[in-house]
Amino acid sequence: MKLLTCPMNGTRPLSEFIFGGEYREAPNQDTCTDVEWAAYVHNRSGAPGDKKEWWYHSPSGTWFIAERNTLTDKVSRTYLLGANSDNSDTAQEISK
Amino acid sequence: MPLRLLKFALSKGHPAPRFFRALETPKKSYDVVIIGGGGHGLAAAYYLAKDHGITNVAVLEKGYIGGGNTGRNTTIVRSNYLTPEGVNFYDASVKIYEGLSEELDLNLFYSTRGHYTLAHTESAMRTMRWRAEVNKHVGVESRVVGPDEIAKACPQLDLSCSGQAPILGALFHAPGSVARHDGVAWGYARGADRLGAEIYQNTEVLGIDVKNGKVCGVKTNKGYIETKQVLCAVAGFTPRITEMVDLETPIVIHPLQACVTEPMKPWLNSIFVSGSLHVYLSQSSRGELVMGSSLDPYEVHSTRSTLDFVEGLTSHMLDMFPFLSNVKVVRQWAGMADMTPDFAPIMGKTPIEGFYIDAGWGTWGFKATPISGKTMAQTIANDSAPDLIHSFRLSRFEDYELTGEKGAASVGH
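Which chain is which? The protein sequence lines are A and B, in order. The opening position of the first sequence corresponds to residue 1 in our numbering, with each subsequent residue numbered one higher. The opening position of the second sequence corresponds to residue 97 in our numbering, with each subsequent residue numbered one higher.
In silico lysine-lysine, BS3-like type, Cα no more than 30 Å apart, as pairs:
hint, chain 1, residue 1, chain 2, residue 2
1, B, K445, B, K318
2, B, K445, B, K315
3, B, K123, B, K324
4, B, K445, B, K324
5, B, K361, B, K424
6, A, K51, B, K158
7, A, K2, B, K502
8, B, K124, B, K146
9, B, K158, A, K74
10, A, K51, B, K502
11, B, K324, B, K146
12, A, K52, B, K502
13, B, K424, A, K2
14, B, K315, A, K51
15, B, K232, B, K502
Simulated from the structure, these hints should not be mistaken for lab results.
Using the sequences provided together with the hints, build the complete structure.
If you want it as structure tokens, here you go:
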């Protein structure tokens, strides 16, 4: 069974989690152009590599960040947004 | 029956000759370089030569031809889509498929079976009615049928689905077919090769040279190739190629898995799809049940298979066909689906001059192989995309003119 570590609830089966897509910074909607906004809405960095992603622990309603390699499917760390991202205590590999 | 088979049986020249020349090192330059030796890339090479007389073409394939998503799909060909643009496009593909065995002189086992998309809820029935009306309007044979007609077409189907999800009706699409998918790649490869195009296997593209917004060459593991026109037809590898030319797209890669059972006597003529139960199923010419389900739930660039998938799929299969409980699954595999937000492909020109894209084929690419080859060949030859694929252009996203086909995806994704 695949596992993922929720920063609030510890290591849980992957079936309890929902993938929320890549974490991205929104451009300033007051100053950006229509084309920049359209690119933000639609485009994604689809190439494989290390990514910062939103994940959701469904039973507890916790949104958090996972840093994961989309080629190897290994998670290097998970943390709540705003928490110290260098804290590797919760680091957990997604596939056991 | 293709004449070739009869000639081969009567000839003394066994084994059969190669399908295409075994070429090793590409030339220094080509008019057109096609990245990706799957069905789409090979079809584009074939139609470039046949329809437009452009034969100084190299198809570069990093593995072997048809070894990607062309050989990994569940081989269903249909045109019962939701938008008129989609229905017109896929209908053109079905029409080419119907005569393709003759044209390529290769038996593609193209077999028209009829295609039932089952509805288990009122809201699903509403989508079926919508699709049926759009299809009829465009001239494609689709209609909504009730449980009685479904039972007649397939008496083995448990209409109550174990009491979990009773079937209220279905969208019946008469032209729905299956074909031998690797044969499609081989047929187009042989056709293109005979007309002069060159196919290089084990040839990986490492970079694309762009100067002043124009393509000028391709770096490969077998040396540098000068060219002014490049077609990217690499399905699940699209983001890796578009990254080489700094082109942003909405494409995200999710694995899509499938499996087959051991062969059995023919019992299932039609193709059955259940969106709610996430199952699609047909019986191949060899007697195997070919089964697929929804996408894996998160982005991974991998073709690994999972036990979760087989367990989920087979439990729903048994809701529909309880008598299959003793049948064994003998193979499972995955492909990398290049998903778009509106479930329509991305085809045509890009902001980079000479860089053409045939991508975003997600879970719906095999059925479009002939027409995408034909329209991409037109796009390259004329440096202008035909009207048939206007709704699939990359710039539709910045224009906010998406082509919403999610309602016609075979199962909910």
